[in-house]
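Chains as they are written, first to last, in the UniProt record's numbering: chain A, 1 to 658; chain B, 1 to 658.
Derived by calculation from the structure, the hints in this document are not laboratory data. Among these hints, one or two may not hold up.
Remember, identical chains collapse to one label, so a pair may be satisfied in a single copy or spanning two.
Said to hold, decoys possible - Straight-line distance between alpha carbons at most 25 Å, and here's what the computed SDA-like set of lysine to any residue pairs gives: (1) Lys242 x Ala151; (2) Lys415 x Leu110; (3) Lys242 x Glu149; (4) Lys105 x Gln42; (5) Lys70 x Ile473; (6) Lys513 x Ser191; (7) Lys2 x Tyr533; (8) Lys393 x Met376; (9) Lys493 x Gln385; (10) Lys241 x Asp176; (11) Lys61 x Ala29; (12) Lys321 x Ser253; (13) Lys64 x Ser417; (14) Lys241 x Met376; (15) Lys493 x Ile154; (16) Lys340 x Ser397.
Number of protein chains: 2
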Amino acid sequence: MKLSALQTARYQYAPKLPAVLTAKLEQIAIEAGKPTQSMANQAELKELFKHTYGKPMVNFKKGKNPNAGKKLRVGVILSGGQAPGGHNVIAGIYDGLKKGNPESKLFGFLGGPSGLIEGSYVEIKDKFMDEYRNTGGFDIIGSGRTKIETADQIAASMATAKKMKLDAVIVIGGDDSNTNAALLAEHFVASGMSTQVIGVPKTIDGDLKNDMIETSFGFDTACKTYSEVIGNIERDANSAKKYWHFVKLMGRSASHIALECALQTQPNVCLISEEVEANKMTLRQITDYLCGIIAKRAENNENFGVILIPEGLVEFVPEMKILIAELNDLMSVKADEFNKLAGFDAQAAWLAKNLSKASADAFASLPAAIAAQFLMDRDPHGNVQVSRIETEKLLISLVEEKLKAMKKAGTYKGKFSSYNHFFGYEGRCAFPSNFDADYCYALGFTAFVLTNAGLTGYLSSVRNLTAPAKEWIAGGVPLTMMMNMEQRHGSQKPVIRKALVELDGKPFKAFAKNRDVWAIKTSFVFPGAIQYYGPDEVCNQPTQTLLLERGIAKPAAKAKSGAKAPAKAAAKADKPAKAPVAKKAAAKADKPAKAPVAKKAAAKADKPAKAPIAKKAAVKADKPAKAPAAKKAAAKADKPAKAPAAKKATAKKPAAKK
Amino acid sequence: MKLSALQTARYQYAPKLPAVLTAKLEQIAIEAGKPTQSMANQAELKELFKHTYGKPMVNFKKGKNPNAGKKLRVGVILSGGQAPGGHNVIAGIYDGLKKGNPESKLFGFLGGPSGLIEGSYVEIKDKFMDEYRNTGGFDIIGSGRTKIETADQIAASMATAKKMKLDAVIVIGGDDSNTNAALLAEHFVASGMSTQVIGVPKTIDGDLKNDMIETSFGFDTACKTYSEVIGNIERDANSAKKYWHFVKLMGRSASHIALECALQTQPNVCLISEEVEANKMTLRQITDYLCGIIAKRAENNENFGVILIPEGLVEFVPEMKILIAELNDLMSVKADEFNKLAGFDAQAAWLAKNLSKASADAFASLPAAIAAQFLMDRDPHGNVQVSRIETEKLLISLVEEKLKAMKKAGTYKGKFSSYNHFFGYEGRCAFPSNFDADYCYALGFTAFVLTNAGLTGYLSSVRNLTAPAKEWIAGGVPLTMMMNMEQRHGSQKPVIRKALVELDGKPFKAFAKNRDVWAIKTSFVFPGAIQYYGPDEVCNQPTQTLLLERGIAKPAAKAKSGAKAPAKAAAKADKPAKAPVAKKAAAKADKPAKAPVAKKAAAKADKPAKAPIAKKAAVKADKPAKAPAAKKAAAKADKPAKAPAAKKATAKKPAAKK
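Please put together the full structure from these sequences, using the hints given.
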């Protein structure tokens, strides 16, 4: 195997550990709290998890460890999509095991959970482990998406665990995989088996977090990798001054990645799916919002920009959500009939007959190439593969159409040329940042200590992550504590609740506070490539999301972009293209929104020549009684000399629908 | 302006200079060689460049500098596409000027050459300059693609230069821009103006190089940025083990970027446009080649891989080249008629009538979405915008079709799922690598010294780049020395010859030697993100291309992938999917190729069930008399225990058409 210079160098990196974990194992004691409750549906969950429900939180502290030196046999599984740092989790487990007792053994199940079901594994030894330290990827043992769900699968897993005499199985995975881990832990105990199950919170999507899990591993590295290339594209856009770049970002349903990248790079637009859903924004309204900004920038002769789009967006747009649901239903019921159709035209004709009128219209309104993506690549259950839909191209197509109309109407005078990008696979297997390298190693070592203590049904938890690593707090969170009941495939299932972007959370608020300035006044930030060496502030900082959530940073919120040239910013901001408050604005209007909002705004507008969104702001300024906030903004904008005016004008928290 | 931590840190970086340039200006002497000749068409060029043809090469050495201390007024232009390091070129010029005489002034023309024509500029001063040191982008003064060609444009440029009392104009650009610089230098002298013109070799494409210009700036950083994300995708592919990634890479006509990235990351396939052209490979043959490798890997249960595709590929495929030429001609003659057509179907019907039969067939064979790209986004001259064609999707579509057929025929048993990527804008404005930061600063400083010496019509040249910076050689190359006459827009024009990938050059040979192993045996290398700090071998290495061309390195050529498990590799390589030698193989066949080669091979095949390319190799092994090389390969493959067998078997230099 040929190694890159960086890979060779990274082998030398010694991940940092919380101080408590650097002690001798004999001196790492377990401190247990009070029994815990699940976050909801306590009665049902208590019933479902008879043996593992309600365990206490545990933390590690300096003290006497009666279990030190135990000889253990542990199996580890990588489950689901790749995330940078997975190899270091395994290294942390491995080093912990060997530190505890050199005769302890670590086995890696091959290809994900199916490795446990099928009894397919390798023993991990020194030399093998060393080849993967501080590297990206899950290639050490491979990953997979099989779930251990059916009675047969569970029985097979038990058989493997018994045959291998495993003291524990450690599952490195996301919310689904850890839900699975919780069930497995329960089954093992219920069957009288001694094999413990410990989870480790993985996912670049950042949607496995809560009070006790500050972030999932991989999110840091993935976001930094995407932000590197987004920043590069921004600098290119600002140099060439002629392209709009539409950048879709991985992240599944949640917009954490898009939001974090926006905080790191300050693009002109970042759509947030959770906000689109809260405001029930249609594709039309999103298009109007984008075109308003594009037109406004064109007025400043800036026919370029960068727009971030979360992967899951299309699922959150009302008409698309319904269309997707109908397609999924239809395919599951009439799959055979559909599969017989030859070609897209035949499929489209068939759908026109079988979908509801609204969905048929929505489908027909899509560009053919995009519409085809709703039908291709369905998953094994016949579901539309949302991640395959080129939302970025869809939006470009809708924007082009709208801008043409605006040009005709005289409300847009710019030039529009665009490029689309999708970043996802670029970041899942990057060399973990120092943060992820340390965090993952600590998570792995913690998983070992939990195992060593004889615990089961716990998620490895390392907290206080914005402090130096030595001050991190390590312990375990009962898996059932993070669970609730949700509707899945037609019935109520126990699941770990997925964390979506909270519209009243600090990261979103920091973004919302600044975005109207970023939209119009080019405020790009260029993070550059992840650095593993060099100054501390360059190579050892956590994400903006984490800093904001933990109340440490004053990052994007302190954006100097506005501060530097406040007069100019204020002058330009007199009619800021408002962020997606279309819905709320409509709600405040006298007549509930039947016609598209922009249209209604236009109808009320005194100056119909303006772009629809900017127009709306203008309209509000003309009719101050109805929209007090906008009025205040407009009023302040009259006094451009006041430094903070532009900022305040745009500081309204627009989104969260009550 | 909010700055990232890296940007702030990079401000502190002091670019390295060749030792000769670190001396006091009084001690930097000019050493001139003998008069030079243009690389071809000497008589015509001597006639066209009466005043500037045939100047001597110049080098700097320690000695007496009679011009030290001159007060100078210099204008600088960024021309064409962005390349990392442009800001450092300007910093090098600036620091040189101020070192020479603090009262010297540097002006930056805004938005490219049009800034000179229109007299639009800013004076660059300390604080302004400092904001851009060691950063990516061309945003300091912007760039543009206007050429100074017409009599009016030249007259306007002269007027600006006179009005500003410029001692020199420094043009930072690629082959076209420097051709322009040469013409401007000649015009200035011919008109009796004292304003000198000096060029600086810029372009990420790497196609501005020759004996005196070892590499253009930006190539290093761009390739490293692309290789970072390609490596990450490779690691993801090898972890998930279920996707083929088709990655198109910027680079215009030349495949330098794709080749360099292949040497850095060892993908399964890297197509090289120059080889495709030399072998006159059709889309069909390229598809067969790809499918052969995909099928072979499927046999090893490896239904994943990474394929690199140079941006210009489609221009080099015979039938596409002709199609594009016909479309360009047609659009320039019948643009009005074409522009009246409404919608793609009408356009396609019209083309079917107006193109040659062959091109109409070629057009009709394209998937509709791709075909539409041949018609959209034409440049101002009506030319097809080749860079807008999604060659990566075209190939996916053709591969899918072919694999379906192979599956039916029983010659392919794998699963094929793919993703497409296009990397270009991600790399043009990255923070320059240490190499590019140093190289650019040295190029800029050199441009200043040439200016200070009163020279004109020179390209800044910094050589010996694989040595430490202090050993670099600095000087100037007469622009006319790199020129020849080429057909442009219907007439012979003087141009700097574009450097394409040489099929008998060391970088290509190093790649060709290894690619058959890389194709089948996963040999990915993961370069990771560009590092600016840390170990020397991690953050200060030049490109593989440069190392190989300068005969320094033993990089990919020494690929340990083959060496590590030679027996296994040899065993797997018994029927290697041969690299694109289809053409040559056909040439060796008795009957000149009318039918597609693969078909013909199949016709001769004893074992028709095999995949077409692998089959061909098999066929050759059965009929040793006709294809001696393949025979030798097959023969050696019978002895898998011999370590270098697999390597030798694939070490044949397949490509260069004689």
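Evaluation of the provided hints:
1. Lys242 x Ala151: Answer is neither; intra-copy 59 Å and inter-copy 27 Å both fail.
2. Lys415 x Leu110: For Lys415 and Leu110, only the inter-copy Cα distance (20 Å) is at most 25 Å; the intra-copy one is 53 Å.
3. Lys242 x Glu149: This pair counts as between: shortest inter-copy Cα distance 23 Å, intra-copy 52 Å.
4. Lys105 x Gln42: neither (37 Å within a copy, 75 Å between copies)
5. Lys70 x Ile473: Answer is within; shortest intra-copy Cα gap is 24 Å, inter-copy 64 Å.
6. Lys513 x Ser191: Answer is neither; intra-copy 54 Å and inter-copy 58 Å both fail.
7. Lys2 x Tyr533: both (22 Å within a copy, 23 Å between copies)
8. Lys393 x Met376: Both, since 16 Å and 15 Å are each at most 25 Å.
9. Lys493 x Gln385: This pair counts as within: shortest intra-copy Cα distance 22 Å, inter-copy 53 Å.
10. Lys241 x Asp176: This pair counts as between: shortest inter-copy Cα distance 21 Å, intra-copy 44 Å.
11. Lys61 x Ala29: Close inside one copy (5 Å), not across copies (70 Å); limit 25 Å.
12. Lys321 x Ser253: within (12 Å within a copy, 43 Å between copies)
13. Lys64 x Ser417: Neither: 67 Å inside a copy, 54 Å across copies.
14. Lys241 x Met376: Between copies only: 21 Å across chains, 36 Å inside a chain, cut-off 25 Å.
15. Lys493 x Ile154: within (17 Å within a copy, 75 Å between copies)
16. Lys340 x Ser397: between (30 Å within a copy, 21 Å between copies)
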